Amino acid sequence: MSSREAILGRVRAALADVPVDEIPEDVPVPRNYRRAHTAPGDDLVTLFAERVADYRATVHRTDETGLTDAIAAALTARGVRRLALPRDFPSALLPSGPWTWHREPLEVPDLDALDGTVTLAAAGIAVTGTVVLDTGAGQGRRALTLVPDHHLCIVYAEQIAADVPDALGLLDPTRPLTFVSGPSATSDIELDRVEGVHGPRTLDVIVVDPTHPEHP
Amino acid sequence: MSDPAGRGVVWLGSPAFPDAARDALKDTQLRANLKRATSTIRDKRLAVASELDDWEELRTSAAAIKKRTARHLDHYLVQLEESVTAAGGTVHWASDAAEANRIVTELVRATGEREVVKIKSMATQEIGLNEHLADEGITAYETDLAELIVQLGEDRPSHILVPAIHKNRTEIRDLFAAEMGHWGRPAPDGLTDDPAELADAARRHLREKFLTAKVAVSGANFAVADTGTVVVVESEGNGRMCLTLPPTLITVMGIEKVVPTWTDLEVFLQLLPRSSTGERMNPYTSTWTGTTDGDGPAAFHLVLLDNGRTDTLADTVGRQALACIRCSACLNVCPVFERTGGHAYGSVYPGPIGAVLTPQLVGVENAASLPFASTLCGACYDACPVKIDIPEVLAHLRARVVEQARAERRTPTAEALAMKAAATVLGSPALLGVAQRTAAIGGRALARRGRIGRLPGPLRGWSDSRDTPAPPAESFRTWWRKNRSQKEGER
Ligand code: SF4
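Same order as they appear, the protein sequences are chains A and B.
Going by the UniProt record's numbering, 73 is the number at position 73 of the first sequence; the sequence numbering is gapless.
Going by the UniProt record's numbering, 230 is the number at position 230 of the second sequence; the sequence numbering is gapless.
Check before you lean on any hint, since a few could be wrong.
To be verified - Some chain B residues near chain A, calculated using beta-carbon distances under 10 Å:
| no. | residue |
| --- | --- |
| 1 | 156 |
| 2 | 235 |
| 3 | 260 |
| 4 | 313 |
As the list claims (entries may be wrong) - Pairs of lysine to aspartate or glutamate, DMTMM-like flavour, derived with a Cα cap of 20 Å:
| no. | chain 1 | residue 1 | chain 2 | residue 2 |
| --- | --- | --- | --- | --- |
| 5 | B | 44 | B | 54 |
| 6 | B | 214 | B | 136 |
| 7 | B | 67 | A | 17 |
| 8 | B | 214 | A | 192 |
| 9 | B | 67 | A | 25 |
| 10 | B | 44 | A | 192 |
| 11 | B | 35 | A | 110 |
| 12 | B | 44 | A | 195 |
| 13 | B | 214 | B | 311 |
| 14 | B | 387 | B | 51 |
These aren't lab readings, by the way, just hints derived from the structure by calculation.
Just so you know, these numbers come straight off a predicted model, no measurement behind them.
Ideal Cβ positions, reconstructed from N, Cα and C, are used throughout, including at glycine.
Please build the complete structure, drawing on both the sequences and the hints.
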């Protein structure tokens, strides 16, 4: 007998107390929890910005017209010059200046030699301060946002979901997803939080919000 | 490492918990580190859990989802296998540790590689995978910072969440300086014990592994039956490195980690980080469904591990332990764990959950002292995000230990006698009164300045590592009777 059959057989034998005609749906799963820990009319963009900043990421807010300047300002503040770019990142958004842009495809050692990366996002989650990447438009494959030490991520206000349930409902589970909440961190040495072990040590998030123009 | 009954669970049950605990209690540094860690994480957890006014509803849903899964585990495992296969992954079934180790070894061999990078995983610790691979000439590199510390020190994890909490920064510095060079890039000269510098040394040391490794091994926090999506929750990014850079990914997961639907993750992804690290969300959560062309591994293998879980499932009281999402909240609230640390439990599963899970995985007869490693105070149940009634399972397993021992020999064990005596006394108010009065008089006679040192006879095991407060001059019952009857007399 294969191990598959053996294990399934043992599972069935172990469940002798479960009536044979019981189906999974017969075991009730109450879902009385909230869809979101926000109130209707809450300013999700502000909440998102606050919660992202709570993780020691840096948040910038701008409207669409200020976006290119905001990107330039963030990159200047970090002193990063050589940047990886997703294959389909919109060129129109790129500032001119001292930067060199390296578009995918890029081998991992090439990525390792670059200072940072600039990407779009698939979604934001306000309550948890999370950015979600699904490797879709303008985001690049997963290594792109992982290997370089700095990640600048652009999130549009309309992409921000209130909370985890709504965000999961919007996402496509067949795509590889990465939920990013702040920069890479560890608390393994005497519980002192240290930013950055293996992932990017610096996370900048630009929120593009037509109602809150705060040009850099 | 002993392996009782050939269960294949890494289990260092010797010395038994009471002896191991006594040694741990003598280690004042360990106790100080643990106390700081447990109280810090406990406070953070309480703060972020209280942000959600529906915390109880989330716990109730989580417990119900786990109950549905357990009662129909065969259905969900088959569904998971179909979804993962349809998405381009390969599913393997492993009855026990030996089989799981063999499957992983063969998969690594087939790639022609002799090195793998690993994400911290309790399932692979449970089966002793690293040691097995080493015997087969394959080196497994742990990439979580704490696991790296444990591995370099040839040590064992002492906590689920912060496995190296028993080590100080200076010890870690010394370890890095002495050992890193044997495994790859050495620590930089003049390394100090500043945590940021130590983390940076680990980053450099491991980066060359990440960038060259061809095979990665991971565990899984969840696997979704209806979509075939596997989930890993982490903080450092070492998980992301392992899950995406090497061309082959092998994930080993206990069969209890399956959840029915993608939607169910909305419950667990709210409960787990808040219960575990006390964060609203951990820095990185990765989900993947089979393989994706041009992104991440080209080959994905999922190994479904039984290794005693079906035995646990057969116990209708004990099976709730399979709902555990390994958040470690129960460790941080447990007064016993806070003083002994994880090593004393002799298992990769320490603390309250270890006290109920380990005996079930290795057989209660082989871990008879663990169900007693608790005060039954109930704090673990209150903390558990999936509402596992740990005290109930502990009491149930204690009874099984006693029954087992009674069946094995004619003469009753000390535990059985003590329990029987306790039951008789507790069952009779008159006897309880006498016992309490005797204890009060005798206790005060033994006490010096209100503390009692070593107790005589069978109570020594208890008093060895702590002072017993002298019993009060009058019992609560006496006080109650006096004060109540006075009050009632006043009316
Ligand atoms: S038993 Fe509950 S509290 Fe303990 S680790 Fe498991 S899920 Fe967390």
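Take the C-alpha atoms of residue 387(B) and residue 51(B), compute the straight-line distance between them, and say whether it is at most 20 Å.
It holds: about 19 Å lies between the C-alpha atoms, which stays within 20 Å.
Using the nearest Cβ pair, does residue 313(B) come within less than 10 Å of chain A?
4 Å, holds
Does the alpha-carbon distance linking residue 214(B) and residue 192(A) stay inside the 20 Å limit?
Not OK: residue 214(B) and residue 192(A) at ~32 Å, beyond 20 Å, violated.
Would you mind confirming whether the straight-line C-alpha gap from residue 67(B) to residue 17(A) stays at or under 20 Å?
Distance of about 13 Å is within 20 Å: holds.
Hint validity - residue 235(B) Cβ closer than 10 Å to any chain A Cβ:
Hint holds; residue 235(B) Cβ to chain A Cβ min 5 Å, cut 10 Å.
For residue 35(B) and residue 110(A), compute the direct alpha-carbon distance and say whether it is at most 20 Å.
It is violated: about 45 Å lies between the C-alpha atoms, which goes past 20 Å.
Does residue 192(A) sit within 20 Å of residue 44(B), going by the straight-line distance between their CA atoms?
14 Å, holds
Double-check residue 156(B) for me: the hint is only fine if its C-beta lies closer than 10 Å to a C-beta in chain A.
15 Å, violated
Is the hinted pair residue 44(B) and residue 195(A) satisfied, with a Cα-Cα distance of at most 20 Å?
18 Å, holds
For residue 44(B) and residue 54(B), compute the direct alpha-carbon distance and say whether it is at most 20 Å.
18 Å, holds
Given residue 260(B) as an interface hint, is the shortest Cβ-Cβ distance to chain A below 10 Å?
7 Å, holds
Between residue 214(B) and residue 311(B), is the straight-line Cα distance small enough, at 20 Å or below?
36 Å, violated
Hint compliance for this structure: hints 1, 8, 11, 13 are not met, and every other hint is.
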